[in-house]
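Chemist: Those protein sequences? They're chains A and B, same order as listed. Note that the first sequence ends on residue 166 in the working numbering; no numbers are left out. Note that the second sequence ends on residue 851 in the working numbering; no numbers are left out.
Hints are computed from structural coordinates only; laboratory data are not their basis. Be a bit skeptical, because a hint or two may be false.
[To be verified] Listed next, the in silico SDA-like pairs over lysine to any residue satisfying Cα-Cα at most 20 Å (straight line):
#	chain 1	residue 1	chain 2	residue 2
1	B	K173	A	A60
2	B	K396	B	M411
3	B	K173	A	G113
4	B	K173	A	W109
5	B	K173	A	V111
Just so it is clear, the structure is predicted and the values come from calculations on it, not from any experiment.
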Amino acid sequence: MADLRRLGKRGSYRLGRLGAQPAAPKAPSAPHYPSWAPHHRGPVLLWLLACLAGVVIIAAAAVLGWWFVPFLVGLAAGLAARYGRWRLRVTLPATVAMAAAGWGAALLWLVRGGLPEGTVAREIAALAGLPAHAAVAVAVTLLVAVIQAVVGLWLGRALAPSRSPG
Amino acid sequence: MSTVGRVINLLAALIVSAAVLALFAFGYGPVPALGRSLVPGHGAWASAAGGQPIHSQTLSLPGLAHPVSVAFTSHGVASIQAADSGDAFLALGYLHARFRLTEMDLQRRLGQGRIAQLAGPAGLSSDKFELRLGLLRTAQAEWAATGRTSPAGRALLAYSRGVNDYLAQARRKGDWPSIYALANVYPAPWTPVDSLVLQGVLTQQLDYTTTPLDYAILERTLGRAHTMAWFPILPPAPQHPYDPGPYKHRAIAPIAPQAGQGQAAAAAPQRAEVPGAGPGSSQVTAQAARAASAILAQANALPPGLIHQYPDSNAWAANGPAVAGARSMLAGDPHLPQTVPSIWYQVALSAPGLSVTGVSVPGLPGVLIGHNAHIAWSLTDTQNQATLFYTERTSKSRPGQYFWRGAWRHMRQVHYTIPVRGASPTHLTVDITVHGPVMTQAGQTTSVDWMGNIPSPDIAVILGVAQARDFAHFRAALARWRAPSQNFVYADDRGNIGAISAGYYPLVRHGDPWLPLPGTGAYDVGGVIPYASVPQVYNPPGHVVATANQRPVGPSYPYYIGTSANFFDPGYRAAEIYASLRGSHKMRPADFASIQLSLTDRLARRIVPRLLAALRRGHLTAQQREAAAVLHGWDGTMAQNSAAAALWWTFWGDYLDAVFQPWWRAARVPVHKDRPGLDVSPQQASLDQVLAAWTTGDPSNRAFSPPGGPHRTAPAVMRAAFATAVAHLAATLHGAPAGWAWGRLHSRQFPSVTQADALGYGPRASGADLWTVNAADGGLVSHQGPSWRMIVAWAGRGSATGRGVYPGGQSENPASPWYEDQMNDWWDGRYLPMPPAGGYAAGPVVWSLRP
Numbered sequence: 001m002a003d004l005r006r007l008g009k010r011g012s013y014r015l016g017r018l019g020a021q022p023a024a025p026k027a028p029s030a031p032h033y034p035s036w037a038p039h040h041r042g043p044v045l046l047w048l049l050a051c052l053a054g055v056v057i058i059a060a061a062a063v064l065g066w067w068f069v070p071f072l073v074g075l076a077a078g079l080a081a082r083y084g085r086w087r088l089r090v091t092l093p094a095t096v097a098m099a100a101a102g103w104g105a106a107l108l109w110l111v112r113g114g115l116p117e118g119t120v121a122r123e124i125a126a127l128a129g130l131p132a133h134a135a136v137a138v139a140v141t142l143l144v145a146v147i148q149a150v151v152g153l154w155l156g157r158a159l160a161p162s163r164s165p166g
Numbered sequence: 001m002s003t004v005g006r007v008i009n010l011l012a013a014l015i016v017s018a019a020v021l022a023l024f025a026f027g028y029g030p031v032p033a034l035g036r037s038l039v040p041g042h043g044a045w046a047s048a049a050g051g052q053p054i055h056s057q058t059l060s061l062p063g064l065a066h067p068v069s070v071a072f073t074s075h076g077v078a079s080i081q082a083a084d085s086g087d088a089f090l091a092l093g094y095l096h097a098r099f100r101l102t103e104m105d106l107q108r109r110l111g112q113g114r115i116a117q118l119a120g121p122a123g124l125s126s127d128k129f130e131l132r133l134g135l136l137r138t139a140q141a142e143w144a145a146t147g148r149t150s151p152a153g154r155a156l157l158a159y160s161r162g163v164n165d166y167l168a169q170a171r172r173k174g175d176w177p178s179i180y181a182l183a184n185v186y187p188a189p190w191t192p193v194d195s196l197v198l199q200g201v202l203t204q205q206l207d208y209t210t211t212p213l214d215y216a217i218l219e220r221t222l223g224r225a226h227t228m229a230w231f232p233i234l235p236p237a238p239q240h241p242y243d244p245g246p247y248k249h250r251a252i253a254p255i256a257p258q259a260g261q262g263q264a265a266a267a268a269p270q271r272a273e274v275p276g277a278g279p280g281s282s283q284v285t286a287q288a289a290r291a292a293s294a295i296l297a298q299a300n301a302l303p304p305g306l307i308h309q310y311p312d313s314n315a316w317a318a319n320g321p322a323v324a325g326a327r328s329m330l331a332g333d334p335h336l337p338q339t340v341p342s343i344w345y346q347v348a349l350s351a352p353g354l355s356v357t358g359v360s361v362p363g364l365p366g367v368l369i370g371h372n373a374h375i376a377w378s379l380t381d382t383q384n385q386a387t388l389f390y391t392e393r394t395s396k397s398r399p400g401q402y403f404w405r406g407a408w409r410h411m412r413q414v415h416y417t418i419p420v421r422g423a424s425p426t427h428l429t430v431d432i433t434v435h436g437p438v439m440t441q442a443g444q445t446t447s448v449d450w451m452g453n454i455p456s457p458d459i460a461v462i463l464g465v466a467q468a469r470d471f472a473h474f475r476a477a478l479a480r481w482r483a484p485s486q487n488f489v490y491a492d493d494r495g496n497i498g499a500i501s502a503g504y505y506p507l508v509r510h511g512d513p514w515l516p517l518p519g520t521g522a523y524d525v526g527g528v529i530p531y532a533s534v535p536q537v538y539n540p541p542g543h544v545v546a547t548a549n550q551r552p553v554g555p556s557y558p559y560y561i562g563t564s565a566n567f568f569d570p571g572y573r574a575a576e577i578y579a580s581l582r583g584s585h586k587m588r589p590a591d592f593a594s595i596q597l598s599l600t601d602r603l604a605r606r607i608v609p610r611l612l613a614a615l616r617r618g619h620l621t622a623q624q625r626e627a628a629a630v631l632h633g634w635d636g637t638m639a640q641n642s643a644a645a646a647l648w649w650t651f652w653g654d655y656l657d658a659v660f661q662p663w664w665r666a667a668r669v670p671v672h673k674d675r676p677g678l679d680v681s682p683q684q685a686s687l688d689q690v691l692a693a694w695t696t697g698d699p700s701n702r703a704f705s706p707p708g709g710p711h712r713t714a715p716a717v718m719r720a721a722f723a724t725a726v727a728h729l730a731a732t733l734h735g736a737p738a739g740w741a742w743g744r745l746h747s748r749q750f751p752s753v754t755q756a757d758a759l760g761y762g763p764r765a766s767g768a769d770l771w772t773v774n775a776a777d778g779g780l781v782s783h784q785g786p787s788w789r790m791i792v793a794w795a796g797r798g799s800a801t802g803r804g805v806y807p808g809g810q811s812e813n814p815a816s817p818w819y820e821d822q823m824n825d826w827w828d829g830r831y832l833p834m835p836p837a838g839g840y841a842a843g844p845v846v847w848s849l850r851p
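Please take these sequences and the hints and turn them into a complete structure.
Modeler: Below, the structure is given as structure tokens:
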């Protein structure tokens, strides 16, 4: 009963858990930024929106047959990374994600439109002499987009003068 | 990073970017343009659009004179209704291209020597072979001889226009079949010559053989006596000719003057002697045998099915008291390499003067097998010898020349450039003698005189057959048919039946045509059997006529038409069909269907009792006794679940081996040079027949005793072969003999025409073997069999009920619901109603085609 009376008071313990609660963590002394960003680069939301725009551009261009757009988006990302002083460990995964998501979204768009892309994917893999699984053709397709984007990113970074260690 | 480092980094990035973009844009070597090929929604992914179920719509087709209506059944079988035949063929061309573009284009490439352009260096050997053989040259000659305003000329032009309408549409939308986007090589516009090349490919599959080369090697190794005893001209067992005679010998007919790449055959006809009548004087030299090996090596590098090997088609008709509820009935099931998609595209064509339903070949205008308002017909391969090889006399001091009829002649030369994807083009020069193209100069310059190289107005004939109203018209239309020689079986709405083996049967002036012949002139083809004398029959007294690739005539037929090796089926299927037809009265379509689906192996029914008798006289192990018990009472049905069927098949192969392999080994027959033609196997029709004849009538034949070995008889060898078979099956299938089901050994497979394994069908466990009416040929994994089953019953004037089915579906697109949708119906022996000739298929989808 004594224990029950202590419930909710400082130093009490919760049901199912023995021992005292740990001390509350100290509040940070300064605003927290991700360790990979040396300086503040603007709201994270803006970055995400930019990435989303990249995905939409790549996807829309793919539907139009403009296969080279992942390269252009990668190039733009490379230039922006230099001018924005973003580190490679940020821009590289972001670029890869944009390219893969862009072409992946285009494929999904076709499937949503009722096209039997799964069977076609298997056919592509079989004709290419690869293991005849739809996932293989999809993976190779996304890889083509990713390779372009990564090469574009490299070129963009190489074209722009370096403003900070990156 | 230093300035130098940054410059190096920039240069490297620029170079890599340019390389990647160039690679993805244009490809390199065998690597396709991956960017263009794989961008979603385009390239290879765009083929998904072609796999969507079709819906009713209006399409604009340039070239049409009038609107055309196309109705589709739920299986995609199209009925075309047009205001004139040109529009009907234009619509057919459009449909073929819409649903079978890859198949058509691959066949065209095959015949024209353009496979390497799509497949890279791997296709070069096939391209060289076909360009040497000359399907393209023959097609060009055929088109040059075709009047542009003739029915065939107009049909070919209209058909090509329809194909090109679809190509233009595909080019505009970019929705090509995947294979083109992946290779970044697209189909060229279609021309009438392309259709005639496809006709040539089909002719090659049905008519071109290398058997004389095999004979040369066999004679060189086994010796002439053994070769002719074991691969005789006339088979030892009684056959079932559909034309039993009497026969009349007429003067031989000349080969059409415009025909042929060589001139020897077009010369004035002379007397042709019946070969094999005189003493055997032919000697196969070492050089000739070497040349034979070289040509066989070329042939073995071809895609499967291009050299005719398996004689497996059935067609029969019955009338009078043999049928009930009909005036006549016809059944046909041509056996061809089974692929996905099928070689056939089912269609009904209706236009003034043209009402026909049946199966067409994508790439060709017209219906090859089917019925019109009055007659029905089906085909089987005649199997006569249509390929002759000539060893040319040449001299090192006279390059490019050969000796013929007492003088040195210049070979004609044709030059080709073969484009190769991912490599430089290859140049090829083909030498042509009076006999035909030179196939090799290894060992001895050898040319081939093949009837398929003679332009044959097959399209005109097919159009004529489709418009025939009675047997006289039918027979008259077939008079112009040259190659591939075919048995056309006939039934009409007045209750008449018949058959004609139309085509060219070459006759040489001297020599043994089953061997390579000297090319100096004396042994040339002197002409062909006159049309009036080719095998044929009309309203036979027994009210049935059946062809199953057996020798169509009896032994007293006065002309040479081929030997028992390869050229004719052993006749077990014909025997089964005739036994079923003659033992029945008042047959209905269901009875015909049960014959088409028959799994009875007549050879097994003949041999197994002898085997069991032999086993009773020998000592058997417990397992062998158990296996023998499985065979007791077996009726010869090659059912999938039959252990007796597995035992029989394995035994027969081991029996053949036990008898002949010791001779083959002693003679060092180089079977690796052409396994289908040289190896000991059940596929060797001659060996099957002679062994069956010895087993039942000559059990002490000397061949049972191996060379230098102890004396043996048929029963002793049978017991040994049975022991081998039981041991083989025990090691392969394990367990008790009763569980050794045939389907555990045997399957059917339907490879994709693209040769991508995953796009084919099977292997799937199956019954049947190569001697059952429902045939399965090609060994334990069969890839040849009934490619179309059709039954037509004529109830009265203009009243036919047709049903048919083929393995596969109407569309070649794996994403289409019509890719394999008929496979299970075919597999389970079900038939689908054929659209009526001149009528309209009941279907949910209708296309309106507008000019």
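Chemist: Any hints this thing doesn't respect? Which numbers, in order?
Modeler: none
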